[in-house]
Amino acid sequence: MKKVDVILGLQWGDEGKGKVVDVLTPNYDVVARFQGGPNAGHTLEFCGEKYVLRSIPSGIFQGGKPNIIGNGVVLDAILFRGEAEALAKSGHDLTRQLCISKKAHLILPTHRILDAAYEAAKGSAKIGTTGKGIGPTYTDKVSRNGMRVGDLLKPDFKEIYAAHKARHEQILRSLNYDYDITELEAEWFEAVEYLKQFRIVDSEYFINECLKEDRPILAEGAQGTLLDVDFGSYPFVTSSNTVCAGVCTGLGVAPNRIGEVFGIFKAYCTRVGSGPFPTELFDQTGDDLGRIGHEFGAVTGRKRRCGWLDLIALKYSIMINGVTQLIMMKADVMNGFDTIRVATGYEINGERTEQFPFDVDVDIKPIYTDFEGWKCDISQCKSYDEFPAAFKNYVEFIERETGVPVKIISVGPDRGETIVR
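Letter 379 of the sequence shown, counting from 1, is numbered 379 in our numbering, and no numbers are missing.
It is possible that part of the hints are untrue.
As the list claims (entries may be wrong) - When the alpha-carbon atoms are kept at most 27 Å apart in a straight line, the in silico DSS-like pairs for lysine-lysine are as follows:
1) K122 / K165
2) K141 / K103
3) K212 / K102
4) K196 / K103
5) K407 / K3
6) K141 / K165
7) K407 / K65
8) K65 / K2
Simulated from the structure, these hints should not be mistaken for lab results.
Required output: the full structure, derived from the provided sequences and hints.
Rendered as structure tokens:
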């Protein structure tokens, strides 16, 4: 029986998962998103076109294969409609290939308002939410107060919605937060009707039937391991399990059905929003990484913080996820650097450690190992053998330290700028 292979980010998100999923999907019959919401933007570029996917799996461009939005995803009907209509205009008819889990939770208009109200109430202690209503939706889910996609199929779904709205409005009154939901709500009801034309399924049965039929499945994660609600840099995290274990709960797949785990990382590090970032650079090098790497959020447009590769965090993520293959992104961004640095240890309170700390508020001083830069344009290389020796030294050091092979190296944003070893 085939297994579910998993592809996920090993840093703070924005690693380039969308492109890699698109590259890998020719090997799979089914692609499924297992967690997250429309705060995740997966960017794909090919044939001179650029696409940003928020909730729709990145396998949607691969010849009519089934794509599944799993039960672990939270779905905003308005943003989903905009995304789907944009894809339809470009010639990709999703109604024949996209399935949506009945158990996926809906982001309601009042969830967006609650998100803004909660963030405003935090004052200077803001987390840096995207304001898409994702946190409040997951809060309702775990407190057993959520509304799910399957509820839209019930004859009394408007009454169900009204009950959820009333409860949210009571909370907003207690926060003394001013808002007007009229236009947003009208747009949401229109978008819900649009959403109903898609296949709304019991996705756990669908996926397990595909496994019984020996059809290979790729599970696609959003955000990154260090944003996981349990294992990330809490509280500066997202609201879902971004790690490999989230595939089991986010799709209804048994642990023994997990196969290869592809872990994606940038050759350097980036982070959006607040939270610890031990290797962050505040100098010209950091500015150069951001400028050359076009480090701006695909969904929010926010500038990403940039820094050197953090090997302590990377090894931690590999351990948590059971990564079997590594995929390196954006090494070409550092083509012109004289020296490349990698954090191989932390100094905390005068003591060296190689473990990712529990307390993210402590002062972490990275301990670096330096490498000679490759000082050439590796985007022109067509095979691993063509890479310069300095770049091979960098890749092979990471392999030795992590114990996991780097199987794919991306040397540019286009689908074709990908080297498989």
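Evaluated hints:
1. K122 / K165: Since the Cα atoms of K122 and K165 sit roughly 23 Å apart, the hinted pair holds (cutoff 27 Å).
2. K141 / K103: Given pair K141, K103 holds - Cα atoms ~10 Å apart, limit 27 Å.
3. K212 / K102: Answer holds: K212 to K102 is near 21 Å, not above 27 Å.
4. K196 / K103: 14 Å, holds
5. K407 / K3: 19 Å, holds
6. K141 / K165: Holds - the C-alpha atoms of K165 and K141 are around 15 Å apart, at most 27 Å.
7. K407 / K65: 25 Å, holds
8. K65 / K2: 17 Å, holds
Violation of the numbered hints given earlier is absent; every hint is satisfied by the structure.
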